[in-house]
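Trainee: Quick mapping for you: the protein sequence lines, in order, are chains F and W.
In terms of my numbering, the first sequence has 934 at position 146, counting the first letter as 1, and numbering is strictly consecutive.
In terms of my numbering, the second sequence has 246 at position 258, counting the first letter as 1, and numbering is strictly consecutive.
It is worth saying that the hints were derived from the structure and are not from the lab.
Just so you know, these numbers come straight off a predicted model, no measurement behind them.
It cannot be assumed that every hint is accurate.
Said to hold, decoys possible - With a straight-line cut-off of 30 Å between C-alpha atoms, the simulated DSS-like cross-links for lysine-lysine are:
(1) F/K810 x F/K941
(2) W/K194 x F/K925
(3) W/K194 x W/K360
(4) F/K876 x F/K838
(5) W/K33 x W/K299
(6) W/K360 x W/K33
(7) W/K299 x W/K198
(8) F/K876 x F/K941
(9) W/K32 x F/K925
(10) W/K197 x W/K33
(11) W/K360 x F/K925
(12) W/K281 x W/K360
(13) F/K925 x W/K33
(14) F/K925 x W/K197
(15) W/K296 x W/K197
Said to hold, decoys possible - Far from chain W, by Cβ distances over 12 Å, these chain F residues were calculated:
(16) D807
(17) K811
(18) H829
(19) G847
(20) T864
(21) D868
(22) D929
(23) E940
(24) F950
What the hints assert, rightly or not - Which chain W residues stay away from chain F? Per the calculated CB distances, all over 10 Å, these:
(25) G54
(26) I98
(27) Q105
(28) G206
(29) L231
(30) M313
Note that beta-carbon positions come from the ideal geometry of N, C-alpha and C, so glycine has one too.
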Amino acid sequence: MSQTLGVLARFANPAELIDAAKKVRDAGYQSFDCHSPFPIHGMDDAMGLKRSPLGFIVGAMTITGGSLGMFLQFWTSSVDYPLVISGKPFFSWQAFFIVTFALFVLFGAFGAVFGMFHLNRLPRLHHPLFYSDNFAKVTDDGFFVSIEIDDEKFDETQTLEFLTSIGGVDVELVAGE
Amino acid sequence: MSILNKHPKRDPEAIEAAGGEDLLVTSGHTFSSLTEKISGIVEKKTPTEWYLLFAMAVSGMMVLLGAIGWLIWEGTGIWGLNNPVDWGWAIVNFVFWVGIGHAGTLISAILFLLRQQWRTAINRFAEAMTIFAVISALVFPGIHVGRVWLAYYMFPIPNQMLIWPNFRSPLLWDIFAVGTYFTVSLLFWYVGLIPDLATLRDRATKVRKKVLGVFALGWRGGNRQWQHYEKAYLMLAGLATPLVLSVHSVVATDFATSLIPGWHTTIFPPYFVAGAVFSGFGMVMTLAIIARKIYHLEDIITVDHLEKMNKIILVTGSMVGYAYMSEFFIAWYSGNEYEYFAFINRALGPYAWAYWIMFTCNVITPQIFWFKKVRRSVPIMFVASIFVNIGMWFERFVITVTSLSRDFLPSSWDYYSPSIWDILTFVGSFGLFFTFFLLFLRFLPMVALSEVKAGLPQADPHYYHKKDGGAK
Chain F
789 MSQTLGVLAR FANPAELIDA AKKVRDAGYQ SFDCHSPFPI HGMDDAMGLK RSPLGFIVGA
849 MTITGGSLGM FLQFWTSSVD YPLVISGKPF FSWQAFFIVT FALFVLFGAF GAVFGMFHLN
909 RLPRLHHPLF YSDNFAKVTD DGFFVSIEID DEKFDETQTL EFLTSIGGVD VELVAGE
Chain W
-11 MSILNKHPKR DPEAIEAAGG EDLLVTSGHT FSSLTEKISG IVEKKTPTEW YLLFAMAVSG
49 MMVLLGAIGW LIWEGTGIWG LNNPVDWGWA IVNFVFWVGI GHAGTLISAI LFLLRQQWRT
109 AINRFAEAMT IFAVISALVF PGIHVGRVWL AYYMFPIPNQ MLIWPNFRSP LLWDIFAVGT
169 YFTVSLLFWY VGLIPDLATL RDRATKVRKK VLGVFALGWR GGNRQWQHYE KAYLMLAGLA
229 TPLVLSVHSV VATDFATSLI PGWHTTIFPP YFVAGAVFSG FGMVMTLAII ARKIYHLEDI
289 ITVDHLEKMN KIILVTGSMV GYAYMSEFFI AWYSGNEYEY FAFINRALGP YAWAYWIMFT
349 CNVITPQIFW FKKVRRSVPI MFVASIFVNI GMWFERFVIT VTSLSRDFLP SSWDYYSPSI
409 WDILTFVGSF GLFFTFFLLF LRFLPMVALS EVKAGLPQAD PHYYHKKDGG AK
């Protein structure tokens, strides 16, 4: 049995997609997205998106990595097996800054990539949108607006008509088994 | 191959609309003509040249594996090492390959932060080059003691001896710096690849679609995704920028923190970083010229791009030349007779031939790029880029070997010559590098599609308003 998952409409170019985003937002839809082969300037504002919280994730991860790095060196050199090497102090914090920095960056990079995956709910093997044949164009030269069925305002006929009225073409119901 | 050369969907309007502006991509590409061209490289028939090069590269890799096998069996005695030159080609090759990697990160991170849009044409394969160069580099610390089964000594792993590595040692800093560098470069590269893998996925069918689907992670190009994606890219660039400057600085401290004359100088970290970027751009240039020729990418990697890279080669080459001269000045000005001797010995001693090869290739060669005609001549820059590669290998050789072979005590002096196994290991490391690189060209999009598209004039929403006669 086929089940409706949302609607999809195609727009001609980045400028039309931005205009469409504003109209969809102003019409009060929440659960919608604008798809494009590359990021479009000004789209975040047009869709009314909040700032990405990724910076906080990366910040927390860098501090964790840096602290872990310094602690690792402090603990191994001064606590677990103190060893005098070329007359330097057990806790040679100046020399330890290099590894601290490396781990600061390493953890930050993990935070950026895996934090982004988490915020984008990636990886996933399938998504309802992939039931649409038109949608394959999104990574080539297609510009799409999708509105999902879990949106409060969603109504099969009205939402379809709405997307047509704001200039969408190839408007379709996306349905999968 | 001629199919790739001609594409029906050229949009002359785009060229006209961007008239007067610096076009990043010539011949009026549209979004879909770019997709077609770049995806076509991996989807259509592989050119014969690729198979020839790949056969050579794999043979080189086999040579490397054989040389390493013999090393493990017999020990480091098969190399030309002697006393006092107990740091031979292994470290020379390590520093050489790590240095090459630096151009990729510079292009992907630093030029990104500086908003240099032209980087999009070359960043993907420069990043790939970084990753494969660092892999080639990491072979050498892995095998350089000949007892590969003890490689775990390098890492802070709890072990039967109950002791830990010495964190005050630059050699250990290297492990963390280069290890982090490799991981961050790999993440950066993969994040950049995700949208382009999705492009390939959406064009593929059957098994190929499934495999690409897994690696594209379910990318849908929604702005809710792009938003976090762009932020992640910015963050990675911000993290990779200080990292790339630190990596070769740390490599330089391997030398600079020792008391050997000719190594014990504070100029080493910045001088190594400049040299690394210089050598890396030399290698990017060599690879770019070959790749654009084989795959007919002259309209995407344009002569303008190559000219910009030549300018960077000129700048960093001049910095390296300045460092060479500054070293001499300081050796004299310091009044330290050992330091003074070390440098006179470098330029006039038994390794003078190596020194002057280095000097000619690194200092004199890039100076030809003061002339615009030369900067835009592909054959000349190809030859120059090879000279840069040769010169930068010799720089590491000169630094390592001249200082060690004649240190404080004349009775311990000795001349160093490589053995056939040194040479085979080095040649083989090129095989390893090119095997990976050619596989990359064959199976992954070699130009960052989504980024190049975003740089086209028609990617800017204002482009359409202008055309409407300035509405909005």
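Trainee: Run every hint past the structure and note whether it holds.
Mentor: Verification of the supplied hints:
1. F/K810 x F/K941: holds, 16 Å
2. W/K194 x F/K925: Holds, at about 17 Å.
3. W/K194 x W/K360: violated, 50 Å
4. F/K876 x F/K838: violated, 51 Å
5. W/K33 x W/K299: violated, 35 Å
6. W/K360 x W/K33: violated, 37 Å
7. W/K299 x W/K198: violated, 43 Å
8. F/K876 x F/K941: Distance of about 69 Å is beyond 30 Å: violated.
9. W/K32 x F/K925: It holds: about 19 Å lies between the C-alpha atoms, which stays within 30 Å.
10. W/K197 x W/K33: holds, 18 Å
11. W/K360 x F/K925: violated, 42 Å
12. W/K281 x W/K360: holds, 22 Å
13. F/K925 x W/K33: holds, 23 Å
14. F/K925 x W/K197: The hint holds at about 15 Å.
15. W/K296 x W/K197: Distance ~37 Å between W/K296 and W/K197 Cα, so the pair is violated.
16. D807: violated, 9 Å
17. K811: holds, 15 Å
18. H829: violated, 7 Å
19. G847: violated, 9 Å
20. T864: Given that some Cβ of chain W is not farther than 12 Å from that of F/T864, nearest at about 4 Å, it is violated.
21. D868: Incorrect as stated: the minimum Cβ-Cβ distance to chain W is 7 Å, not above 12 Å.
22. D929: violated, 4 Å
23. E940: Label holds. Min Cβ-Cβ 18 Å, cutoff 12 Å.
24. F950: Given that every Cβ of chain W is farther than 12 Å from that of F/F950, nearest at about 19 Å, it holds.
25. G54: holds, 34 Å
26. I98: The assertion about W/I98 holds, with a minimum of 15 Å to chain F.
27. Q105: holds, 13 Å
28. G206: Given a closest Cβ separation of 4 Å, the condition is violated.
29. L231: violated, 5 Å
30. M313: Holds, since 29 Å exceeds 10 Å.
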